[in-house]
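Residue numbers (this note's numbering), protein chains in the order written: chain A, 2 to 379; chain B, 2 to 379; chain C, 2 to 379; chain D, 2 to 379.
Keep in mind the hints are simulated off the structure, nothing from the lab.
Treat the hints with caution; some may be incorrect.
One copy or two, it doesn't matter: identical chains are merged, so the pair holds either way.
Straight-line distance between alpha carbons at most 30 Å, and here's what the computed DSBU-like set of lysine-lysine pairs gives [as the list claims (entries may be wrong)]:
{"id": "1", "residue 1": "38", "residue 2": "63"}
{"id": "2", "residue 1": "152", "residue 2": "266"}
{"id": "3", "residue 1": "376", "residue 2": "152"}
{"id": "4", "residue 1": "175", "residue 2": "369"}
{"id": "5", "residue 1": "168", "residue 2": "266"}
{"id": "6", "residue 1": "40", "residue 2": "335"}
Fair warning: this is a prediction, and the values are worked out from it, not measured in the lab.
There are 4 protein chains.
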Amino acid sequence: MVGGSNEAFIGAVHRMGATLDGQIDLVCGAFSSNPNKSKKTGASLYLPDNRVYGSFSEMIEKESGLPDDVRMDFVSIVTPNHMHYPPATLALDAGFPVIIDKPMTFTLEEARLLREKVRKTKLPFAVTYTYAAYPMIRQAHAMVRKGEIGKVRKVMVEYPQGWLTGKLEDTGQKQAAWRADPDRAGISNCFGDIGTHAANMAEYITGLEITEVLAELNAFVPTRVLDDDANVLFHMEDGANGVISASQVSPGEENNLKCRVYGDKGGLEWNNTDHNTLLVKIHGQPVRIYRTGVDNGYLEEAALIHTRTPSGHPEGYIEAFANIYRNFAFEVRKYLFGEEYNELMDFQGVDDGFKGIAMIAAVVESSKNGNIWTKVEN
Amino acid sequence: MVGGSNEAFIGAVHRMGATLDGQIDLVCGAFSSNPNKSKKTGASLYLPDNRVYGSFSEMIEKESGLPDDVRMDFVSIVTPNHMHYPPATLALDAGFPVIIDKPMTFTLEEARLLREKVRKTKLPFAVTYTYAAYPMIRQAHAMVRKGEIGKVRKVMVEYPQGWLTGKLEDTGQKQAAWRADPDRAGISNCFGDIGTHAANMAEYITGLEITEVLAELNAFVPTRVLDDDANVLFHMEDGANGVISASQVSPGEENNLKCRVYGDKGGLEWNNTDHNTLLVKIHGQPVRIYRTGVDNGYLEEAALIHTRTPSGHPEGYIEAFANIYRNFAFEVRKYLFGEEYNELMDFQGVDDGFKGIAMIAAVVESSKNGNIWTKVEN
Amino acid sequence: MVGGSNEAFIGAVHRMGATLDGQIDLVCGAFSSNPNKSKKTGASLYLPDNRVYGSFSEMIEKESGLPDDVRMDFVSIVTPNHMHYPPATLALDAGFPVIIDKPMTFTLEEARLLREKVRKTKLPFAVTYTYAAYPMIRQAHAMVRKGEIGKVRKVMVEYPQGWLTGKLEDTGQKQAAWRADPDRAGISNCFGDIGTHAANMAEYITGLEITEVLAELNAFVPTRVLDDDANVLFHMEDGANGVISASQVSPGEENNLKCRVYGDKGGLEWNNTDHNTLLVKIHGQPVRIYRTGVDNGYLEEAALIHTRTPSGHPEGYIEAFANIYRNFAFEVRKYLFGEEYNELMDFQGVDDGFKGIAMIAAVVESSKNGNIWTKVEN
Amino acid sequence: MVGGSNEAFIGAVHRMGATLDGQIDLVCGAFSSNPNKSKKTGASLYLPDNRVYGSFSEMIEKESGLPDDVRMDFVSIVTPNHMHYPPATLALDAGFPVIIDKPMTFTLEEARLLREKVRKTKLPFAVTYTYAAYPMIRQAHAMVRKGEIGKVRKVMVEYPQGWLTGKLEDTGQKQAAWRADPDRAGISNCFGDIGTHAANMAEYITGLEITEVLAELNAFVPTRVLDDDANVLFHMEDGANGVISASQVSPGEENNLKCRVYGDKGGLEWNNTDHNTLLVKIHGQPVRIYRTGVDNGYLEEAALIHTRTPSGHPEGYIEAFANIYRNFAFEVRKYLFGEEYNELMDFQGVDDGFKGIAMIAAVVESSKNGNIWTKVEN
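Sequences and hints are given; from them, build the entire structure.
Have a look at this one:
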């Protein structure tokens, strides 16, 4: 693992997700650019001292020299955005599969280069767009593909959060500080952090690409440099369109990603606050409440294989990460040992990662140019 | 009453609303442009035959000649959009106060003329934007005015309906038929019918004017002429902005107007599906659930005086109409007899009606011109 | 109308309900045992002075002497419990149909006598168990009768309120004062006021009689004489059973009547806080959300004819009263003029009223005798 | 681990819970009474062959002989009810701490003996009553203790499930089969399986003991021997009382444990379907929505230390198990190494386990004796 010291939030989530299903062990790490912090984190994770490294380059170099059955099998990168590309490239060059937190890179140029490298090396590569790994999003994706809501017309995605309502980045809160800083977060805070999830979800559920965007980014909190709020109209393939409204300055909202997709036969609604539910709205019929659960016979296989418990025993965020890691582990095994696995166990890859970065770039450009339609690079 | 034959939906709602509080009696009507239908409707309403008229002009003329204590006190107009202006003008010219269904007129030009006439005659004049009459919208309005959510930043209004998902207007359904017909509905169907409610609510709750819009209207159903879906970005006074997303082609959605307002201290959320609730979201605190009820001591007076029952005894749509009619009745009494009444019993007037028409015009213009920012006439 | 002065809550609700559909006019009243209050109330209702009476006996006597087309057609009784029986008997004796608030009488003996009189006179007679008049309760009743949930096994009814958490009756609050007073409320407060609704609902939806009860009544607030909380196990015909839990000392609860019925094929759930929804739970299928609305084609006729508005335009408590009054008006017209009407427009009559009183008696007896099974008189 | 072969549900949940926080490694197991199944399960868990045993007695014996730093530190027992006591006793006799699934034992006599043994050996001992480990149940417990809802009056716990609506045990479904079999489930199915959770929750949140019960057990499905439904009135210390309604034949219900506690100042409500929420209902105030999240400053420490993620990132059932295992691991470390830890990290122990068995016994006895009040052994 690269990044994810004891002070970071997302690193611990990745570790819990990775180990939940008993398919992956954490064997080594470069948990911080500060070697002391890295050592300390490694020790708290009961890693042997010689597998805790002072830098990612050291880790990749040393691990490469270990025997097959000892060496790490892949690299997980959970650093802030600006430190995604260097370790990813190095790992791929050394022949290690890579799983990386979203957004995939810091710049569109890095995204282009990384996509090229992944295509060339053909190594397994995943980007942890978490929400696509929730069982009910899999259910939604499968139902759209089967035509249950007909031809998709409209997509509404909202992602309100409230935690940056005040100027939290000035209080020393680490999560807020790096996100508000262009040198670490990149060209966008709100859209880059959460709007990208919203866009990914729109595309994942519908199976349609977003082709162009018209965006207005706002920085409502005085003196804040990057956006803390974003409203985006978008066009998709096949005449569908939609709206993304993302915000970090909506007081009282936690992490309320919500996605609605409407076709000419029916609609689907999913809400992160009630994430084990999918509302199915066939025109002219009562709305039906689909629920996760390995014993819910009406669910699609794509949903069932991303669920561990019977209905009414809630899974959540960590389990979604576990789904990604488990699927990725199977892909790594396929790569290493040729083992086939259920193809419904897919995950978001380098193309999705690239698309995320291209979306951020297009949104920022549209907003700067006076809220005009702007193509999204493909 | 002008319009509202037995076949119409909204006429019956107006009548129930008007009489609910025992302050208003229906005394006469021209219920249809078809005199037979008008007679039949009048009879079913137990009106004496001589007070049921074949046309609104006949009604206004004949009623004008009746003695003070017999003559109607005001005119209620519930005809389709294109027949709002003629009876309204005639009634005002004859000295009758007017209450009229939204949108106020068929064209912006009519709206300008009607506004001028109301200003000149100084007669009581109301437009039935229903939602502003719900107790919890009054509560929201009062709380914003008191500064409880701080300076308003962002407004999100959505209004999805699903009833026009198919081409209902081709089946003979009357409500769908006139709304889809430019000769009767005007330049917009979806935005003109429901988007206008959304815009009115954004302005009413915040007390801020919408100054410009950027809109994309869609007609998703093949061969439909007018819009059945609308996405609108808007700018308000004082730097606030927001999004309206309205739709008639969202299957499974009933009439799900929902409004969220976020300020720098807190947010408010109201949803027509749970219309007796207002969610109050002060930054850093647990969300609070405000509920209607004359016995809920924490509510603002503005909410309490638009409520009839204790908490847990739900009121609804008809009661909202009743609020408008009762408030308007007090205004008419003030006009006729000089009786003062609680000024919190306000209602939407000619300026709100004009603003609604101007919004529709600006939205249609923005959409036609390639989704560019367009000023809203004031 | 007997009772329902300006100070009373339920009288106004009855009046709004009675007049909502334009089928009933208030023509006279004895609104209070205090003639001055009665006059004042009558005046505020715009009644002619000579139709406002100082007592119910005066009203019944004088109205009896009026010509057919002037005289009141029926009597509505909305007094406190101990004053139900006398005016009801007098009215029936004078040949007037009666509609009366629940619980029907003060004592079981009165209930027996009144039932006998109604049976003998064959006059239309209604008890306003409001909840049975909600559209979705009609829907539930019809679905059970059609066998959609199979053989009924279990019924859970809860009715928590919080308004009597403190000793409100000592503050002068009128609603609380009479309910806490055995001389005016009778042998039970909580069960007699709201538990009776719960029991009525269990029987109405399932079509099964409650045959015996095992009850524990509590008076949690110190020095309160009558119960403010009740837990009741009950047995029904055909092997079904259930639980009623009613309370007036559940802080934060408004009027949260909720009923769930489970059969061997499926279940139904209705909740007064979301009263326009019925959850339909067929075993092995996703839960379906049935919603009121004259345009919801999947609803039973029994629901549709108790609805006025399209889906998403909420009706509520007053409209439920209006349903009872309208249905009762049709029954009175049938009685007076022989006009037939839709038999799905039923209402709760004297047998239901009697059963309610018998339930209260049995519950109180069971509780006094140490919580043992006690038969309910039929 | 004893029990938990690949075919069992709860074993996998225990394993995921145990390892989630990186404090516990699975080192050995006797996963089935069938040695082949045990070996197969062990292999799939990547355990070395020599640590997978054919029986729990073999496991305890062999592990006892291993060196300190290799030997298992404690035993987790996840077998069906009738196989809880033997391995627990053997493990305790061999000096191993024990964590065991609920209900603790098969009979009340076993429970008495086990309690005695735990008291004598003073070894760490836990029973996995999962719900007490949810963050919001910790929050509720802490708030009651601080007096925020005042003196507790009434507790309502419901636990409807629908999965046994049909005779699932006859289809070969393993979960249903053992629960319906008195030889494996004991004297009660529904109350023993889920009613015991309900009772535990009532006691845990309020801090009050249930002293006596009045119960009616039902077996609604024809020919089923054990109860599939239970209604229980109960009395607690200090004059509080309540109702438990548990069912496995409520179609459409998943696992809908819901608990409401009402005191003389306020109430609390928790629902497993929305388990990251606690509704706080202070009398006379709007209901407040408390939500899990390490960043929700208004939460009690007792809730925060059982949470891993920020608000809006849902945790669930597996994380609740992880809380129990983590707390138990700290207790084992305290026992082994004397390390102190936060005393808010408590867990349900042998007294809670005993109480659970005593409740089941009293409920069954009350039901058999005609639904009379029956003391619960302490």
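_Intra- versus inter-copy proximity for residue 152 and residue 376 (alpha-carbon distance at most 30 Å)_ = Within one copy only: 23 Å inside, 35 Å across.
*asked:* Reference check for the pair residue 168 and residue 266, CA-CA at most 30 Å: within, between, both, or neither?
replied: Result: close only across copies, 12 Å inter versus 45 Å intra.
_For residue 175 and residue 369, with the copy left unspecified, which applies at a CA distance of at most 30 Å: within, between, both, or neither?_
Intra 28 Å, inter 46 Å, cutoff 30 Å: intra-copy only.
*asked:* Reference check for the pair residue 40 and residue 335, CA-CA at most 30 Å: within, between, both, or neither?
replied: between (32 Å within a copy, 25 Å between copies)
*Using 30 Å as the alpha-carbon threshold, which applies to residue 152 and residue 266: within, between, both, or neither?*
within (7 Å within a copy, 35 Å between copies)
*Up to 30 Å between alpha-carbons, please classify residue 38 paired with residue 63: within, between, both or neither.*
within (19 Å within a copy, 40 Å between copies)
This entry satisfies every hint, going by the numbered hints stated previously.
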